[in-house]
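K.L.:
For the protein sequence lines, the chains are A, B, C and D, in the order given. Under our numbering, the first residue of the first sequence carries the number 1, and numbering increases by one thereafter. Under our numbering, the first residue of the second sequence carries the number 1, and numbering increases by one thereafter. Under our numbering, the first residue of the third sequence carries the number 1, and numbering increases by one thereafter. Under our numbering, the first residue of the fourth sequence carries the number 1, and numbering increases by one thereafter.
If you're looking for bench data, these hints aren't it; they were derived computationally from the structure. Here the structure is a predicted model, which means the values were calculated and not measured. The C-beta atom is built at its ideal place from N, Cα and C for all residues, glycine as well. Among the hints, a few may not be true.
Unchecked claim - Partial selection, computed: residues in chain B whose CB lies under 8 angstroms from chain C:
#1 Thr116
#2 Val119
#3 Glu121
#4 Thr137
As the list claims (entries may be wrong) - Straight line, CA to CA, 25 angstroms or less: simulated SDA-like cross-link-like pairs of lysine to any residue:
#5 A:Lys133 to B:Leu87
#6 A:Lys112 to A:Gly57
#7 B:Lys133 to B:Arg9
#8 A:Lys112 to D:Glu132
#9 A:Lys112 to D:Gln100
Protein chains: 4
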Amino acid sequence: MNMPAFEPRNPGFDARTRESFARQAAMRTLGATLAVVEPGRVEITLPWAEPLTQQHGFLHAGMVATALDSACGYAGFTLMPVEAAVLTIEFKINLLAPAQGERFRMVGTVVKPGRTVTVCEGHAYAIDGAREKLIATMGCTLMAVTGRDNIQG
Amino acid sequence: MNMPAFEPRNPGFDARTRESFARQAAMRTLGATLAVVEPGRVEITLPWAEPLTQQHGFLHAGMVATALDSACGYAGFTLMPVEAAVLTIEFKINLLAPAQGERFRMVGTVVKPGRTVTVCEGHAYAIDGAREKLIATMGCTLMAVTGRDNIQG
Amino acid sequence: MNMPAFEPRNPGFDARTRESFARQAAMRTLGATLAVVEPGRVEITLPWAEPLTQQHGFLHAGMVATALDSACGYAGFTLMPVEAAVLTIEFKINLLAPAQGERFRMVGTVVKPGRTVTVCEGHAYAIDGAREKLIATMGCTLMAVTGRDNIQG
Amino acid sequence: MNMPAFEPRNPGFDARTRESFARQAAMRTLGATLAVVEPGRVEITLPWAEPLTQQHGFLHAGMVATALDSACGYAGFTLMPVEAAVLTIEFKINLLAPAQGERFRMVGTVVKPGRTVTVCEGHAYAIDGAREKLIATMGCTLMAVTGRDNIQG
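Could you put together the complete structure from these sequences and hints?
P.N.:
Have a look at this one:
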């Protein structure tokens, strides 16, 4: 797959992304950290934590999706103009293996940026010691929203 | 759409579903309640809560997905035999409107039960006073798993 | 599910939808007919035909998707203003049962219309004599496009 | 993304895949050719053709999906045991750009093979002279089916 390099329209994309991430209370609930912010690519890491689990002790698929959706959303956000906010239109997640591990790495990558619609993909990895395993993939569609008073950044 | 009535294979489906739900720590984190358990249909309710929000103060799309995935998963679980556990293979969610409201009602319904693979759909509603609004739809594929020691119920 | 009645913005939606459908060569390849055109709802029917099959003699999943995507796309199109063209952003299809039957009925319904983005759902039925069976469900996101010379109607 | 090499369980996977592809009448309708067959990876090529188009003269999204679904399905099939048939459970496609070009290359890759369930991803490229452009991505879930008389190969 040919992966183009992306040119951010907002030179302050890094600070703006980190500032918005800091306002996502859901990321605090997940214990999530914004590990990488690059044009068109964001990584979020989080440790396993009991409050995020389903009945077998694995991370709940929805919690995996929450972190992956934020990784994809912010990957798209890095390429948006300064006046735009980002909303998720839809995403689809495939769970490949139980989400068990010490911690998790969620990678969001822009596949196709657009003025209105941006398409991203996400990959979730479970980490145990030195071993890293792909546990989920996501396809995600974002919309850049401008001019709505209640939706900013 | 013709909605068939489903016959549960496990007469104790109600207690079994409630017992498994009680073991989902993620549902406690969401403040979620198992409101309805019927053969092939489950409803989960939860109040708005700041720890579940994204940067605009709406429920995070992933948190909506977490509750909808559990609603769909347990809808499928009600129709599974007593020895089976349920795992989500994949789901897709369309966010139709910002998840703002006092509380939320998540409805999971079986579309097609199967011995191995079950397909469900989910509908998420935001509730403000007497007003209820459809805010998200989900399509979800489940797998019935048997004979794995670490995955039960 | 509460299904609102939709008000078309283009009073000539019926003729406009039929005219666009007639220009879809893919629908002729499918032997497809535009059976119902209502505001926010479209039905397409087609007979089983060998050139549309996969290796087991069932309709190819992609051919089911082709007809369902058109049903969803035109369902959305009925609610769009006269100057807009419709493009599919994404769709997801769940195949519930093999697509075998004498003929097929594809129903597209608008779930949430929007100025830019419209969300639809599709249901595919196989028909054998008097028996009708749900064989696939689709979730579909459309975009209304205006002002592009090469994309009209 | 770490892409593992896959070991086929059926040494005759190449001939078996080509033989099944030849029985897909839908591939003849698309004018499609099986260009590459490797363990866990299949490429299908097809020329632009008017009978496959939508109202703007682009390839119909469903026809893109038909070719991509076969590419994904056969990618999974290369890794299945000799007694298994392959069925698509679901797929999701994101349309990134209009499907215009002289011809198209559809690449299906296994992300996670499994005894029952296999997950693949697909990438569709439009080709104009020497220029190749990513126009669609697919996420796809397959099921290996055995012991059904009407579903073989």
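K.L.:
Does each hint hold? Answer for all of them.
P.N.:
Comparing the hints with the structure gives:
no., hint, in the structure
1, Thr116, "violated, 13 angstroms"
2, Val119, "holds, 5 angstroms"
3, Glu121, "holds, 7 angstroms"
4, Thr137, "holds, 6 angstroms"
5, A:Lys133 to B:Leu87, "holds, 18 angstroms"
6, A:Lys112 to A:Gly57, "violated, 36 angstroms"
7, B:Lys133 to B:Arg9, "violated, 34 angstroms"
8, A:Lys112 to D:Glu132, "holds, 15 angstroms"
9, A:Lys112 to D:Gln100, "holds, 17 angstroms"
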